[in-house]
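The listed protein sequences correspond, in order, to chains Y and Z.
Sequential numbering of the first sequence, starting at 19, is according to my numbering.
Sequential numbering of the second sequence, starting at 4, is according to my numbering.
Because the hints were derived from the structure by calculation, they are not lab data.
Do not rely on the hints blindly, as some may be mistaken.
Said to hold, decoys possible - These stretches of chain Y come out as covered by chain Z in the derived footprint (C-beta under 8 Å, 3 or more residues):
(1) 25-31
(2) 118-131
(3) 139-146
(4) 288-301
Stated by the list, open to error - Have a look at the derived ranges for each label pair, beta carbon to beta carbon:
(5) Y:I221 / Z:K275: 48 to 58 Å
(6) Y:G75 / Z:K215: 29 to 39 Å
(7) Y:L107 / Z:K215: 40 to 50 Å
(8) Z:A323 / Y:M161: 47 to 57 Å
(9) Z:T166 / Y:H72: 39 to 49 Å
(10) Z:R389 / Y:W165: 20 to 30 Å
(11) Y:H72 / Z:K299: 46 to 56 Å
(12) Y:H72 / Z:P351: 51 to 61 Å
(13) Y:L173 / Z:K299: 17 to 27 Å
(14) Z:K234 / Y:P134: 27 to 37 Å
(15) Y:W165 / Z:A104: 41 to 51 Å
(16) Y:L107 / Z:A396: 47 to 57 Å
(17) Y:P49 / Z:P351: 36 to 46 Å
(18) Z:P283 / Y:A338: 53 to 63 Å
What the hints assert, rightly or not - Calculated pairs, EDC-like style, for lysine to aspartate or glutamate (alpha carbon to alpha carbon, straight line, at most 16 Å):
(19) Z:K28 / Y:D188
(20) Z:K28 / Y:D51
(21) Z:K98 / Z:D114
(22) Z:K333 / Z:D204
(23) Z:K218 / Y:E311
(24) Z:K92 / Z:D157
(25) Z:K406 / Z:E423
(26) Z:K225 / Y:D192
(27) Z:K218 / Y:D77
(28) Z:K215 / Y:E65
(29) Z:K417 / Y:D192
(30) Z:K234 / Z:E529
(31) Z:K215 / Y:E249
(32) Z:K275 / Z:D114
(33) Z:K464 / Z:E423
(34) Z:K106 / Z:D157
(35) Z:K417 / Y:D188
(36) Z:K92 / Z:E71
(37) Z:K519 / Z:E529
(38) Z:K300 / Z:D349
(39) Z:K92 / Z:D154
(40) Z:K519 / Z:E187
For every residue, glycine included, the Cβ atom is placed at its ideal position computed from N, Cα and C.
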Amino acid sequence: MLRFVVSRAAMVIPTFLGVTFLSFFLIRLVPGDPIEVRVGERGIAPERLALLRHEMGLDQPLWHQFYAYIVQILHGNLGLSIVTQTPVLHEFATLFPATLELSVCAILIAIVLGLPAGVIAAVRRGSLFDHSVMGVSLAGYSMPIFWWALLLILLFSVNLGWTPVSGRIDAIYDVDPVTGLMLIDSLWSDDPGAFRSAVRHLILPALVLGTIPLAVIARMTRSAMLEVLGEDYIRTARAKGLSSFRVVGLHALRNALIPVVTVIGLQVGTLLGGAILTETIFSWPGIGKWLIESINRRDYPVLQGGVLLVATLVMLVNLAVDLLYGALNPRIRHGR
Amino acid sequence: MMIGLRGAALGVAIATLCAAPAIAKTLVYCSEGSPENFGPQVNTTGTSFDASMPIYSRLVEFVRGKTETTPGLAESWTVSDDGLIYTFKLRHGVKWQTTAAFKPTRDFNADDVIFTFERQWKSDNPFHNISGAAYDYFNDMGMPTLLKSIDKVDDYTVKVVLTRPESPFIADLAMPFGSILSAEYAAQLLKAGAADRIDQDPVGTGPFQLVKYEKDAIVRYKTFADYYGGKQTIDGLVFVITPDASVRYAKLKAGECQVMPYPNPADLAAMKQDAAIDLPHQEGLNIGYLSMNVTKKPFDDKRVRQAINYAIDRKTIVDAVFQGSGTVAKNPIPPIMWSYNNQVTDYPYDPAKAKELLAAAGYPNGFETDLWAMPVQRPYNPNARRMAEMMQADLAKVGITAKIVSYEWGEYRKRMQAGEHQMALFGWTGDNGDPDNFLHVLLGCDAARVGGNNVSKWCDKAFDDLVVKAEQISDQAERAKLYEQAQVIFKEEAPWVTIAHSIVYEPIRKEVTNYKIIPLGLHIFEGVGLK
Numbered sequence: 019m020l021r022f023v024v025s026r027a028a029m030v031i032p033t034f035l036g037v038t039f040l041s042f043f044l045i046r047l048v049p050g051d052p053i054e055v056r057v058g059e060r061g062i063a064p065e066r067l068a069l070l071r072h073e074m075g076l077d078q079p080l081w082h083q084f085y086a087y088i089v090q091i092l093h094g095n096l097g098l099s100i101v102t103q104t105p106v107l108h109e110f111a112t113l114f115p116a117t118l119e120l121s122v123c124a125i126l127i128a129i130v131l132g133l134p135a136g137v138i139a140a141v142r143r144g145s146l147f148d149h150s151v152m153g154v155s156l157a158g159y160s161m162p163i164f165w166w167a168l169l170l171i172l173l174f175s176v177n178l179g180w181t182p183v184s185g186r187i188d189a190i191y192d193v194d195p196v197t198g199l200m201l202i203d204s205l206w207s208d209d210p211g212a213f214r215s216a217v218r219h220l221i222l223p224a225l226v227l228g229t230i231p232l233a234v235i236a237r238m239t240r241s242a243m244l245e246v247l248g249e250d251y252i253r254t255a256r257a258k259g260l261s262s263f264r265v266v267g268l269h270a271l272r273n274a275l276i277p278v279v280t281v282i283g284l285q286v287g288t289l290l291g292g293a294i295l296t297e298t299i300f301s302w303p304g305i306g307k308w309l310i311e312s313i314n315r316r317d318y319p320v321l322q323g324g325v326l327l328v329a330t331l332v333m334l335v336n337l338a339v340d341l342l343y344g345a346l347n348p349r350i351r352h353g354r
Numbered sequence: 004m005m006i007g008l009r010g011a012a013l014g015v016a017i018a019t020l021c022a023a024p025a026i027a028k029t030l031v032y033c034s035e036g037s038p039e040n041f042g043p044q045v046n047t048t049g050t051s052f053d054a055s056m057p058i059y060s061r062l063v064e065f066v067r068g069k070t071e072t073t074p075g076l077a078e079s080w081t082v083s084d085d086g087l088i089y090t091f092k093l094r095h096g097v098k099w100q101t102t103a104a105f106k107p108t109r110d111f112n113a114d115d116v117i118f119t120f121e122r123q124w125k126s127d128n129p130f131h132n133i134s135g136a137a138y139d140y141f142n143d144m145g146m147p148t149l150l151k152s153i154d155k156v157d158d159y160t161v162k163v164v165l166t167r168p169e170s171p172f173i174a175d176l177a178m179p180f181g182s183i184l185s186a187e188y189a190a191q192l193l194k195a196g197a198a199d200r201i202d203q204d205p206v207g208t209g210p211f212q213l214v215k216y217e218k219d220a221i222v223r224y225k226t227f228a229d230y231y232g233g234k235q236t237i238d239g240l241v242f243v244i245t246p247d248a249s250v251r252y253a254k255l256k257a258g259e260c261q262v263m264p265y266p267n268p269a270d271l272a273a274m275k276q277d278a279a280i281d282l283p284h285q286e287g288l289n290i291g292y293l294s295m296n297v298t299k300k301p302f303d304d305k306r307v308r309q310a311i312n313y314a315i316d317r318k319t320i321v322d323a324v325f326q327g328s329g330t331v332a333k334n335p336i337p338p339i340m341w342s343y344n345n346q347v348t349d350y351p352y353d354p355a356k357a358k359e360l361l362a363a364a365g366y367p368n369g370f371e372t373d374l375w376a377m378p379v380q381r382p383y384n385p386n387a388r389r390m391a392e393m394m395q396a397d398l399a400k401v402g403i404t405a406k407i408v409s410y411e412w413g414e415y416r417k418r419m420q421a422g423e424h425q426m427a428l429f430g431w432t433g434d435n436g437d438p439d440n441f442l443h444v445l446l447g448c449d450a451a452r453v454g455g456n457n458v459s460k461w462c463d464k465a466f467d468d469l470v471v472k473a474e475q476i477s478d479q480a481e482r483a484k485l486y487e488q489a490q491v492i493f494k495e496e497a498p499w500v501t502i503a504h505s506i507v508y509e510p511i512r513k514e515v516t517n518y519k520i521i522p523l524g525l526h527i528f529e530g531v532g533l534k
């Protein structure tokens, strides 16, 4: 087991280096630097431009800047945002709970709805329900997130008035960010209305962000279940006279879950990617919106640090999934 | 008895639940982004200025909704005959805001004014390098070379000596970088080793004070009861950060906010129909134009430049490109600016006249030229590529073959300012509401140098004499006359085709009272009420 963990963990290192390298050089390939971006029509005197570039170290050769950046990371320092002059790690820590809350709720929605839908579709293969689940999940998978989000806002927030349009809580509630997770913070606050408001604000964005994972999980569960349901041991179980619920719920689902768990793990990357759009539309103050802004403003430290932290998270989750997969399926653990 | 007690308790509980709390009047503004910080001197974006302006006051203020100035923290000022010495008399009894980090022990005085400008000006000021500040606006308005000295005469008198006469100096002071900081607070922060908090935990003398800021989520203010201009009618002001324009509109419709900036042009028609929403609008403080480089043939000939003016159907272009959020420009300054000359006669769309002028200039069969189109969307030109294509078609009708060229935005500006183009689309958004900021900065001879903002490289002595003279006198009526004459010369000499001023729309809910669109593009809530 230890060898398995070490070999999986060792694969994180080259990925980590690759991400650092790419995020550093790719943003520098985009024309314009942080100073030119904010100059506007009036232009800037060449000597002043040179002075500001010098102060930011942008006049150094690229390899030199990269070397300095690597040394800085190895000291655990991701630098200061050029725009706000706040440490990148601090900004990430402030904004990440919002993304975490949204992503966890999104994946929960996806699992709670997707798993049973997939199971039932497989059990009732060829039924109207099966075709509906497959059709709806294909539509969900193919839909552009921003369009889907605006559609839901128009229906539920503007026309029906059931949910708020955007944000994490009504402006009348002033909840102090203790954990940064609004559901928990609002629950701790004295006002019961705050928690209700936080829940109502979370529904639409979580649903939008959970749509693609939901579709993937439903389809994956269905196909894994179909495969398992054709196995001999299922026929044996049925022949033994076990109830249909026990056959499907215990014997089939447990075995079908292995590929589904992997897919759920892989959805973490999709979630963080989708969060960028979802957060922008729902004015959700998380890291997705923060990263987009850093590209527009050419805030190099934020972009590099942010991408690195997000990549690290995705890698850790994937590592955890690998380990979990190994635990679920001993054949993988022993490399067979 | 038990039942009686329980009943009473239940009654109290129900009464408590049903009693509506005294709801404070809070104005919610759906802002478009997060501020960089709350330091108006170090900010570089309109979004950040919107967030920091409510907290502070300036020596001079713009009349809300206009480009004229009015006394602020300076009650009055005098200017020496040579235009070099400004003596400001400061207002007495102006209180500083009390925050968790700072309890003021004195009122606003001259020390605060000196500190505010020295922070931006003197590199040895301990706050000069805080917040990675580049003081872009202080530098862009030429302050480092304009200021000779700023001295405290007494606690309520400040003397500013300039190196050259420059009457827009007063308008400059009303810009966000002129927001006055507390010297006492700065000294306290320095002592505590927390100088970098000055732009994060702001203390000002303005109508609102900061309560809380959560990045990308919310900025919360309460009204400052001791504001020298009088307490506001609303109790609180909240900026709910909402980057997507469609979502801002949905929130406005749902009553989740009462004011929103920057609507989608596509939503304007629906907004006009909405009974709950008012849609105030006015021309923006900007100009989109087609620059003709007079140092390159054939644009050195005035007749050719005039011919281009006749050849382009600006009305059709502005209607197509702006979709109702732009108006055809006649002068290089927008109509909301004082000294705008409405008597100037514009060039009508007249291809026949254009051909006639081209023939007279020796180009009966037209000529070939480049036509640069900006790669980005700007307030004064939402789609330069489309505009260039429409111009290309108009020019083809009079025999001119225009080749559309574009570069990356930074490169585009640099090459234009170096004068590499023949014809190019460009524009300007005003900084301080002063006509000098357009007429002199964009069309004066000193800006016609390589790298200067006069991208047509047009230097007309008669025009230049007028704008330079207007810069040096302080009487506004007199200045306005000179600028009016300058606009006539500009039109006749035609270094540009003036294309459009954007129309700024700011949807508000009907319950909002006394809201005004600010020409400088800011969003200011002093004096705004709720029904």
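For each hint, the structure was consulted:
Counting residues of the segment 25-31 of chain Y whose CB falls under 8 Å from any CB of chain Z gives 0; the rule of at least 3 is not met. Using a Cβ-Cβ cut-off of 8 Å, 0 residues of the segment 118-131 of chain Y lie near chain Z, which falls short of the minimum of three, so the contact claim is violated. Residues of the segment 139-146 of chain Y lying with their CB closer than 8 Å to a CB of chain Z number 0, which falls below the three-residue condition for coverage. With 4 residues having a beta carbon nearer than 8 Å to a beta carbon of chain Z, the segment 288-301 of chain Y meets the requirement of three or more and the stated coverage holds.
Checked against the hint of 48 to 58 Å, the C-beta distance between I221 (chain Y) and K275 (chain Z) comes to roughly 32 Å, which is inconsistent with it. Our hint of 29 to 39 Å for G75 (chain Y) and K215 (chain Z) holds, since their Cβ atoms are close to 34 Å apart. Range check, L107 (chain Y) to K215 (chain Z): Cβ separation about 22 Å, and the 40 to 50 Å hint is violated. As the Cβ distance of A323 (chain Z) to M161 (chain Y) is approximately 32 Å, the hint placing it in 47 to 57 Å is violated.
At roughly 27 Å, the beta carbons of T166 (chain Z) and H72 (chain Y) sit outside the given window of 39 to 49 Å. For R389 (chain Z) and W165 (chain Y), the hinted distance range of 20 to 30 Å is satisfied, since their beta carbons lie about 24 Å from each other. For the pair H72 (chain Y) and K299 (chain Z), the supplied restraint of 46 to 56 Å is violated, since their beta-carbon distance comes to about 35 Å. At roughly 52 Å, the beta carbons of H72 (chain Y) and P351 (chain Z) sit within the given window of 51 to 61 Å.
About 57 Å separates the C-beta atoms of L173 (chain Y) and K299 (chain Z), a value inconsistent with the hinted range of 17 to 27 Å. Evaluation of the 27 to 37 Å hint for K234 (chain Z) and P134 (chain Y) yields a failure: the beta carbon distance comes to about 58 Å. Between W165 (chain Y) and A104 (chain Z) the Cβ separation comes to about 45 Å, which falls inside the hinted range of 41 to 51 Å. Evaluation of the 47 to 57 Å hint for L107 (chain Y) and A396 (chain Z) yields a pass: the beta carbon distance comes to about 54 Å.
Between P49 (chain Y) and P351 (chain Z) the beta carbon distance is about 40 Å. The supplied range of 36 to 46 Å therefore holds. Taking the beta carbon of each, P283 (chain Z) and A338 (chain Y) are about 55 Å apart, inside 53 to 63 Å as hinted. At most 16 Å may separate the alpha-carbon atoms for a hinted pair to count; K28 (chain Z) and D188 (chain Y) meet this at roughly 15 Å. Using a Cα cut-off of 16 Å, the hinted pair K28 (chain Z) and D51 (chain Y) is violated, with the two alpha carbons roughly 43 Å apart.
With a C-alpha separation of about 14 Å, the suggested pairing of K98 (chain Z) with D114 (chain Z) holds against the 16 Å cut-off. Restraint check for K333 (chain Z) and D204 (chain Z): the C-alpha separation of about 45 Å exceeds 16 Å, so the hint is violated. Restraint check: the Cα-Cα separation between K218 (chain Z) and E311 (chain Y) comes to about 12 Å, which is no more than 16 Å; the hinted pair holds. Restraint check for K92 (chain Z) and D157 (chain Z): the C-alpha separation of about 10 Å stays at or below 16 Å, so the hint holds.
Between the alpha carbons of K406 (chain Z) and E423 (chain Z) the distance comes to roughly 14 Å, so the proposed pair stays at or under 16 Å and holds. Taking the CA atoms of K225 (chain Z) and D192 (chain Y), the gap is near 13 Å; set against the 16 Å cutoff, the hint holds. Distance check on the hinted pair: K218 (chain Z) and D77 (chain Y) sit about 31 Å apart at the alpha-carbon level, beyond 16 Å; violated. Of the pairs offered as hints, the one joining K215 (chain Z) and E65 (chain Y) is violated, with about 39 Å between alpha carbons and a cut-off of 16 Å exceeded.
Our distance criterion of 16 Å between C-alpha atoms is broken by K417 (chain Z) and D192 (chain Y), whose separation comes to about 47 Å. Straight-line distance between C-alpha atoms of K234 (chain Z) and E529 (chain Z) comes to about 9 Å, which keeps the hinted pair within the 16 Å bound. A threshold of 16 Å between alpha carbons decides the hint, and for K215 (chain Z) with E249 (chain Y) the separation of about 61 Å lies outside it, so the pair is violated. Restraint check: the Cα-Cα separation between K275 (chain Z) and D114 (chain Z) comes to about 50 Å, which exceeds 16 Å; the hinted pair is violated.
Pair hint K464 (chain Z) plus E423 (chain Z) does not hold up; C-alpha atoms about 23 Å apart against a cutoff of 16 Å. Among the hinted pairs, K106 (chain Z) with D157 (chain Z) is inconsistent with the structure: their alpha-carbon atoms are about 24 Å apart, more than 16 Å. For the proposed pair K417 (chain Z) and D188 (chain Y), the alpha carbon gap of about 46 Å is over 16 Å, so the pair is violated. Restraint check: the Cα-Cα separation between K92 (chain Z) and E71 (chain Z) comes to about 19 Å, which exceeds 16 Å; the hinted pair is violated.
At most 16 Å may separate the alpha-carbon atoms for a hinted pair to count; K519 (chain Z) and E529 (chain Z) meet this at roughly 10 Å. With a C-alpha separation of about 24 Å, the suggested pairing of K300 (chain Z) with D349 (chain Z) is violated against the 16 Å cut-off. Note on K92 (chain Z) and D154 (chain Z): the hinted pairing holds, with a Cα-Cα distance of about 12 Å set against a maximum of 16 Å. For the given pair, K519 (chain Z) sits about 34 Å from E187 (chain Z) by alpha-carbon distance, which is inconsistent with the 16 Å threshold.
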